[in-house]
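A.B. asks: Sequence:
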Amino acid sequence: MSNNRISAVGALSLGLGLRVNQTLRILVISRNPIRGEGCFGVLKSIRDNPMSALELLDFSDIQVDREFDDFTSSVKEVLPALHVKTAAHGLEYKKELPPVFALSLSASAPNSLKYLICSLS
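Heads up, the sequence shown is in my numbering, so the first residue is 1 and it goes up one at a time.
To be clear, the hints were calculated from the coordinates, so they are not data collected in a lab. From a predicted model like this one, the values you see are computed outputs, not experimental measurements. Note that the Cβ used here is the ideal one computed from N, Cα and C, for glycine as well. Don't take every hint at face value.
Unchecked claim - Cβ pair distances, simulated, as ranges:
# : residue 1 : residue 2 : range
1 : D48       : M1        : 16 to 22 Å
2 : S73       : R19       : 19 to 25 Å
3 : V78       : N3        : 28 to 34 Å
4 : N3        : P50       : 19 to 25 Å
5 : D65       : S7        : 16 to 22 Å
6 : V20       : A88       : 17 to 23 Å
7 : S7        : E67       : 19 to 25 Å
8 : S7        : D48       : 17 to 23 Å
Make a model of the complete structure from these sequences and hints.
C.D. replies: Written out as structure tokens, the structure is:
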């Protein structure tokens, strides 16, 4: 969902679905104009879903403040497997792909294809 011009309002709508979703493991919504408000809304929805399977939430290239970082820390107490990537805090997330998705991608393959394959696992 990167680079899709998702607004803060759109992020809050996405959050409604995340409150009940129990299967999504990777969500990449980087490079969208959702601002800190949208990031908070998405993360609050995930926090309110103790059955969330989310492992990676990628807000790359979206500026957030220290308050968001503090909130992220409190959410990790509820969902310790969740990794949150922001513009300020990149992280390396590596997860072994099941054999059916363990495709060999060349170095020239677009990153979006790599993310797509990860999100299918």
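A.B. asks: Hint says 16 to 22 Å; check whether the CB-CB distance for D65 and S7 agrees.
C.D. replies: Taking Cβ atoms as reference, D65 and S7 lie about 19 Å apart, which means the hint holds.
A.B. asks: Does the Cβ pair V78, N3 satisfy 28 to 34 Å?
C.D. replies: holds, 30 Å
A.B. asks: Against the range 19 to 25 Å, how does the distance between the Cβ atoms of N3 and P50 compare: consistent or not?
C.D. replies: violated, 31 Å
A.B. asks: For the pair V20 and A88, does the Cβ-Cβ distance stay inside 17 to 23 Å?
C.D. replies: violated, 30 Å
A.B. asks: The hint says 17 to 23 Å between S7 and D48; measuring C-beta to C-beta, is that right?
C.D. replies: Distance hint for S7, D48 holds at roughly 21 Å.
A.B. asks: Please check whether S7 and E67 have a Cβ separation lying inside 19 to 25 Å.
C.D. replies: At 21 Å between Cβs, range holds.
A.B. asks: Do the Cβ positions of S73 and R19 conform to the proposed distance bound of 19 to 25 Å?
C.D. replies: Cβ of S73 to Cβ of R19: about 21 Å, so the range 19 to 25 Å holds.
A.B. asks: Does the Cβ pair D48, M1 satisfy 16 to 22 Å?
C.D. replies: Hint holds: Cβ distance 20 Å, inside 16 to 22 Å.
Hint compliance for this structure: hints 4, 6 are not met, and every other hint is.
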